[in-house]
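Enquirer: For reference, the chains in residue letters:
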Amino acid sequence: MARLQLDTLSKRYGDFYAAQDVSLDIADGEFLTLLGPSGCGKTTTLRMVAGFVEPTSGMIHIGEREVTELPPWRRNTGLVFQNYALFPHMSVAQNVGFGLEMRGVAKAQREPKILEALRLVRLEHLADRLPRQLSGGQQQRVALARALAFQPDVLLLDEPLSNLDAKLRQEVRLEIRNLQQRLGITTVMVTHDQEEALTMADRLVVMAEGRIQQVGTQRDLYERPATPFVAGFVGRSTFLRGRMKADVLVLESGLSVRCGRRLVGDAVLALRPERVTLTAEPPAGFDNVFIGEVEIVSYMGGLTDVHVRISPSDRIIAQIANGEGVRLPEVGNRVHVAWSSNAAIFAVPREKQPEAVH
Amino acid sequence: MDTSSQLRSGTVISASSLIGPATILVALGVIVPLLFLLRYSFNEYDPRLLMVEAFTPANYVDFFTDPYFLGAFFTTVRISVVCTLACILLGFPLAYVLARTQSRFKNLMIIAVVIPLFVGNAVRAAGWMTLLGSQGFLSVTLMDLGITSTMTEIMFSETAVVIGIIAVNLPYMVLTLQSVLESVNRNLEEAAFSLGAPPLTMFRRVLWPLSMPGIAAGTILTFILAMNAYATPVLLGGPEFRMLAPLVYGQFQMNNWPLAAAIAFVLMATTLLLTVVASLVTRQGFRN
Ligand SMILES: Nc1ncnc2c1ncn2[C@@H]1O[C@H](COP(=O)(O)OP(=O)(O)OP(=O)(O)O)[C@@H](O)[C@H]1O
Ligand SMILES: [Mg+2]
Numbered sequence: 016m017a018r019l020q021l022d023t024l025s026k027r028y029g030d031f032y033a034a035q036d037v038s039l040d041i042a043d044g045e046f047l048t049l050l051g052p053s054g055c056g057k058t059t060t061l062r063m064v065a066g067f068v069e070p071t072s073g074m075i076h077i078g079e080r081e082v083t084e085l086p087p088w089r090r091n092t093g094l095v096f097q098n099y100a101l102f103p104h105m106s107v108a109q110n111v112g113f114g115l116e117m118r119g120v121a122k123a124q125r126e127p128k129i130l131e132a133l134r135l136v137r138l139e140h141l142a143d144r145l146p147r148q149l150s151g152g153q154q155q156r157v158a159l160a161r162a163l164a165f166q167p168d169v170l171l172l173d174e175p176l177s178n179l180d181a182k183l184r185q186e187v188r189l190e191i192r193n194l195q196q197r198l199g200i201t202t203v204m205v206t207h208d209q210e211e212a213l214t215m216a217d218r219l220v221v222m223a224e225g226r227i228q229q230v231g232t233q234r235d236l237y238e239r240p241a242t243p244f245v246a247g248f249v250g251r252s253t254f255l256r257g258r259m260k261a262d263v264l265v266l267e268s269g270l271s272v273r274c275g276r277r278l279v280g281d282a283v284l285a286l287r288p289e290r291v292t293l294t295a296e297p298p299a300g301f302d303n304v305f306i307g308e309v310e311i312v313s314y315m316g317g318l319t320d321v322h323v324r325i326s327p328s329d330r331i332i333a334q335i336a337n338g339e340g341v342r343l344p345e346v347g348n349r350v351h352v353a354w355s356s357n358a359a360i361f362a363v364p365r366e367k368q369p370e371a372v373h
Numbered sequence: 027m028d029t030s031s032q033l034r035s036g037t038v039i040s041a042s043s044l045i046g047p048a049t050i051l052v053a054l055g056v057i058v059p060l061l062f063l064l065r066y067s068f069n070e071y072d073p074r075l076l077m078v079e080a081f082t083p084a085n086y087v088d089f090f091t092d093p094y095f096l097g098a099f100f101t102t103v104r105i106s107v108v109c110t111l112a113c114i115l116l117g118f119p120l121a122y123v124l125a126r127t128q129s130r131f132k133n134l135m136i137i138a139v140v141i142p143l144f145v146g147n148a149v150r151a152a153g154w155m156t157l158l159g160s161q162g163f164l165s166v167t168l169m170d171l172g173i174t175s176t177m178t179e180i181m182f183s184e185t186a187v188v189i190g191i192i193a194v195n196l197p198y199m200v201l202t203l204q205s206v207l208e209s210v211n212r213n214l215e216e217a218a219f220s221l222g223a224p225p226l227t228m229f230r231r232v233l234w235p236l237s238m239p240g241i242a243a244g245t246i247l248t249f250i251l252a253m254n255a256y257a258t259p260v261l262l263g264g265p266e267f268r269m270l271a272p273l274v275y276g277q278f279q280m281n282n283w284p285l286a287a288a289i290a291f292v293l294m295a296t297t298l299l300l301t302v303v304a305s306l307v308t309r310q311g312f313r314n
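As given, the protein sequences belong to chains A and B, one line each in that order. Be aware that the first sequence starts at 16, since it is given in the working numbering, and climbs by one per residue. Be aware that the second sequence starts at 27, since it is given in the working numbering, and climbs by one per residue.
Since the hints were made in silico from the structure, they are not lab data. Do not take every clue at face value.
Derived SDA-like pairs: lysine to any residue, alpha-carbon spacing no greater than 25 Å straight-line [to be verified]:
id, chain 1, residue 1, chain 2, residue 2
1, A, K128, B, E215
2, A, K122, B, L226
3, A, K128, A, L138
4, A, K122, B, F229
Just need the whole structure built from these sequences, with the hints factored in.
Expert: In structure tokens, the structure reads:
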């Protein structure tokens, strides 16, 4: 168990950067999640740490060791593959014991450690089975036990849950998190599932087009996204684009939105749906109030999404918490859409920045 | 209930009509002649009367007591074992590269492997002659380079036959291994590496055991082909060189059908026996 440091790590294929200037300092025992859309370089980054992709430049430290040049078998990292990659010709126990065996642990000493690792994932009763005799969820846990049994310095997980069904995923998610905290093992997980990232990690890294967009806690990313990309990727947002005039953002449609902040030039405003208030009568106490027509109402159990058009080119999404006595608007209703300027997440677009997702 | 039993008998009928023709063909074309041949092998040979009806193991006894035949027998087994081992050693790396390559030219590479099979036996033998003969490319080059002072004659020797058989059998081994290696996920190798196995250990513990089905199939295939090789030993081995398949034909030509039949059965039994042994050994390897 150790601290993991990536220092301006880059991987170039031809003139295309799969990962560029990735710098991360992951504390001993921390659970860090790499989050981002497909092709943004998450796997590439993880595989550089594991030693399967040779960085074009940059350095990797595990604890005090510089491992940038070390082959995978000398890095002491525990890796869990998306497809589990259990050795089909070995029993569960042999699979789990493989790392110990490679480290020269004698058979007699291996047995208790194998059992211990299997007990962690509650599979000690299946030690003699072959991988093909296990369910997907059990295979997943064996893969985890195998990666943990030899006490690696860091645990690396590449979309470990993506082959499980939704319900199982929730269970295993909690299980991995508990285990990680109990063992205090430094962990890096790759996912493109936001919810997974939010529920499991201590800190999240949002990547796009090979670059780190932002590193922070769930709350940092949600409430203070550094770029429009992050605002769109973590949670949902409505984006309003325009030019700043003093503390007012003038949209292309001509609408003026108060921002509570002075900026210059082109800007993008991100609004979280749950921060937007919908009322039939003009509300008091908001510095942004617009009248619009309800276009879509989607009921989702605890919450309802309402899409309101406030100009031919601007549509705002508002979220209403359902409950007793809450009256939902109907499509075609004219409603007031309101938010206070400090509720808006504000971001200035830079040049060559990944497009925000909607 | 009725419909299901109808369905089932329908399936049986269509299944038997599918495998029926092939079965009949095999029965008539292979098994019946084999039974005749087996019967012949216990007959007697008379230089004037040719085959004489009898029931005697004399032909088999002759075969296993005559140094001439025994020599051919051991040469055949030795060459087959050597060629098969060589095919495994040469074929595995080739098959691995083919299975793992991301190259756009993968199909071309596979065709390149198979090309030796496009060429007929006689043409191929002629090719080897220009390469291995005393006036051939290899001999002349070695002399030109001053490595040898006399002509190197590889043609018409056991070496030439071994080289020739390997060249014919290697594609079979490579293609068999390649298909099995492709089914071994690359992640398994990486998993072994990440667990601390250096490449050789990974190979021994993961890749080799998982490719055992391919090794077994390839071994059986190339071994049977080598045991029964006819054209290559005749064309590259020269008149003095003896393997069993040409010997069988030679006896037929001399009209000694009983002996030819006996040799054919010795060849077949040996091939079968060694094939069974090879597959038992590889299965054992797979278990560990
Ligand atoms: N060997 C390679 N050669 C060329 N390009 C590559 C190679 N490996 C990856 N890439 C490219 O690098 C980029 C990042 O790939 P990577 O696998 O890291 O994405 P990812 O974030 O893991 O995506 P996903 O969520 O789909 O798994 C992709 O655009 C990919 O096409
Ligand atoms: Mg990936």
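Enquirer: Taking the hints in turn, state whether each one holds.
Expert: Here is what the structure says about each hint:
{"no.": "1", "hint": "A:K128 x B:E215", "in the structure": "holds (23 Å)"}
{"no.": "2", "hint": "A:K122 x B:L226", "in the structure": "holds (21 Å)"}
{"no.": "3", "hint": "A:K128 x A:L138", "in the structure": "holds (13 Å)"}
{"no.": "4", "hint": "A:K122 x B:F229", "in the structure": "holds (21 Å)"}
Of the numbered hints stated above, none is contradicted by the structure.
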